[in-house]
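Novice: Next come the chains, spelled out residue by residue.
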Amino acid sequence: MKMTGSQILLACLEQEGVDTVFGYPGGTVINIYDDLMKSDKIRHILPRHEQAGVHAADGYARATGKVGVAIATSGPGATNTVTGIATAYMDSIPMVVICGQVPTPMIGNDAFQEADMIGITRPITKHNYLVRDVKDLARVLKQAFFIARTGRPGPVLVDLPKDVQTATTIFEYPETVELRGYKPNYSGNARQVVNAAKMILAAKKPVIYVGGGATLSDADKELLEFAETIQAPLTTTLMGMSSFPTRHPLSLGMLGMHGTYYANMAVTNSDLLIAIGARFDDRVTGKISTFAPDAKIIHIDIDPTSIKKNVRVDLPIVGDLKDVLKKMLKQFKELPEEVTASIAETAPWRAEVDAWKVSHPMSYKLSKSVIKPQFVIEKLRELSDDDAIITTEVGQHQMWTAQFFDFTQPRTFLTSGGLGTMGFGLPAALGAQAAFPGRQVIDISGDGSFQMNSQELATLVQNRLPVKIVILNNNFLGMVRQWQQLFFDKRYSQTCLESPIDFVKLADAYGATGFTTSKPEEVGTIIKKAFETPGPVIMEFKISREENVMPMVPAGAGISEMVLAS
Amino acid sequence: MKHTISVLVENEFGVLSRISGLFSGRGFNIESLSVAPTLDASISRMTIVTFGDERILEQITKQLNKLIDTIKVIDFTGEAEEYVERELALVKVIAEEGSRAEVMRIVDIFRAKVVDVTSRSYTLEFMGSPDKITAVVELLRPIGIKELVRTGPAALGRGHKGWK
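Heads up: the protein sequence lines correspond to chains A and B, in order.
Position one of the first sequence corresponds to residue 1 (my numbering), numbered consecutively onward.
Position one of the second sequence corresponds to residue 567 (my numbering), numbered consecutively onward.
Simulated from the structure, these hints should not be mistaken for laboratory data.
Remember, predicted model here, so these are calculated numbers, not experimental data.
Glycine included, C-beta positions come from ideal geometry on N, C-alpha and C.
Please note that a few of the clues may not be correct.
[What the hints assert, rightly or not] Chain A stretches covered by chain B per the calculated footprint, using a threshold of three residues with CB under 8 Å from any CB of chain B: (1) 299-306; (2) 382-396.
[Stated by the list, open to error] Here are some chain A residues the structure puts well away from chain B; computed CB gaps all over 10 Å: (3) Ile118; (4) Tyr261; (5) Lys309.
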């Protein structure tokens with residue numbers, strides 16, 4: 001059957017099981033949008049900025065595990081997607097972004113609304129394609145989705161010129177994908193697994209260090225069983241948070257620059273670090289030469305480039321986490337006496353770690369007169385549903401959420417870790433809510449970050465997405481202000497967000513609801529009211545202005561050199 | 567340490583940009599780069615000379631392999647006897663009265679060819695291992711080199727096995 005490129009695009013999306021796309025129309029995608037109107041299988045959500053569209057597809061992908069899809073027109077529409085694509089790239093999120101492009105004869109001619117998206121996104125996509133012939137379109141899309149979701153996931157961009165969209169050909173969706181240069185290895189080497197199991201059972205002070213890979217692999221069940229089998233303390237990175245229950249007795253919370261004291265001390269004093277789906281990022285390691293100095297390192301990851309990139313690794317295992325952990329658990333089942341012996345051997349270590357938890361718990365000074373942000377986070381956990389999805393923006397509030405919010409279920413913490421993109425949280429919440437209309441979705445934001453994509457309030461209202469937005473307002477660009485306080489003698493250069501925004505009026509202006517308070521005793525009431533109010537809601541809490549995120553590992557220091565109080 | 571790497575890639579539009587973008591984006595150094603299609607027209611072969619220690623070379627190899635378009639990465643660092651490396655250079659030498667004979671002697675010694683001649687210059691074609699090319703250039707430098715172009719090496723493993 002002969003179809004146009006634009007029809008083929010939509011047919012391919014349907015074949016891939018896509019039911020929601022986020023996009024913004026324009027000249028070079030007008031054909032796609034015309035055909036979209038005729039599709040009853042694909043739901044389209046219109047943001048108010050292409051960046052938000054991509055973040056929404058990203059949030060959708062993080063919440064569901066499916067490939068997020070975004071559409072933008074050429075030129076400025078496409079360049080607006082760049083930050084969103086880079087955000088997804090740094091956090092390895094599966095996504096396909098389709099950009100319109102000027103007709104093929106005009107490419108390279110400085111045409112109206114033309115931008116070399118292949119060149120621009122080359123370093124921030126897992127792969128990208130420029131489709132010059134409609135006959136290639138179906139194969140390219142099949143490959144794009146395959147590349148996005150397999151191996152280490154990532155964003156794929158497909159640049160689609162307008163004349164290719166209107167050209168016709170016979171539509172045939174390929175059965176299989178053949179990519180000579182791409183064959184991701186899911187199966188961990190059996191011998192390495194056996195050796196790793198031996199190493200683990202011989203360790204006296206093991207620590208499990210979990211990153212975003214655990215969520216991407218949906219390996220939370222295997223991870224829990226693994227930790228409980230060997231009874232090893234477990235710490236997560238920012239990206240690994242919510243793949244392991246935060247209040248579990250073995251949980252150490254987050255490690256690294258703003259990690260807990262006990263997580264950083266455990267890693268520093270360990271004799272075996274089991275790295276699972278993590279990449280030894282600089283926020284985690286601090287000064288590399290003093291990172292886990294006495295520990296052997298086992299590194300399990302699906303991406304070989306992450307292994308031995310930053311630290312020397314004693315036992316690498318390339319493979320999918322679910323597969324490797326399953327194999328490891330089978331090994332342990334064949335060595336029941338060794339496992340029991342190991343648990344006894346590591347008991348003093350667990351006691352040492354627990355002592356750190358008791359001597360240096362996460363804490364803050366509660367106040368009766370001013371709202372403390374950590375208090376709001378704790379109250380949110382107390383009053384929200386167990387399966388509530390939390391998104392954050394970037395900054396102090398993001399760190400406080402990671403430190404004080406107790407996560408119990410996977411894929412409930414969506415945050416921009418690798419790129420640290422302000423403006424991510426609200427559209428990501430939008431995407432998550434579109435995926436799960438019946439669940440609570442809460443965006444925790446600062447006053448600075450909120451203004452980066454505040455226009456999406458309109459999208460929430462138009463699509464009846466009842467996201468609850470928490471603004472922790474200190475009238476500062478908090479995290480930068482903290483650095484200026486600690487390292488630049490309190491020279492607050494351009495970090496004071498002085499304009500007195502009335503967030504209640506702002507919410508109202510968009511057709512949403514707003515609440516505000518500066519009184520600690522009203523925090524619980526407002527949160528409850530917000531959850532009971534239908535539709536999108538802004539809750540603004542005017543918090544203590546110069547509260548700092550502690551502990552903190554200063555730049556260039558080792559993670560055991562934490563500053564505990566400012 | 568200098569490394570010669572051959573990368574077999576899909577002969578797709580933009581692949582050269584992808585590979586060189588990878589090197590520059592990650593701060594890897596490209597001393598020379600040459601590329602052309604292989605026996606299979608859908609596959610191109612790139613030969614890159616880069617500098618770095620073991621750790622850097624490992625990262626380069628892994629990052630190259632990670633690219634969707636990369637089919638195989640061959641590292642030719644190691645015993646020089648295990649592979650053949652050849653490079654072409656065209657050198658325009660200033661050769662006036664006194665030095666013309668010396669230039670011709672060097673051409674003879676290195677089995678080079680003269681591809682252009684004027685009363686004031688010779689353009690010479692040298693072919694050989696990269697080290698030989700460098701040696702010749704150093705010999706000609708005191709005589710006076712007007713202009714020089716090198717292609718960068720092409721390398722192939724010895725023995726009967728191919729890259730597949």
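Novice: Name the hints, by number, that the structure is in violation of.
Specialist: 2, 3 and 5
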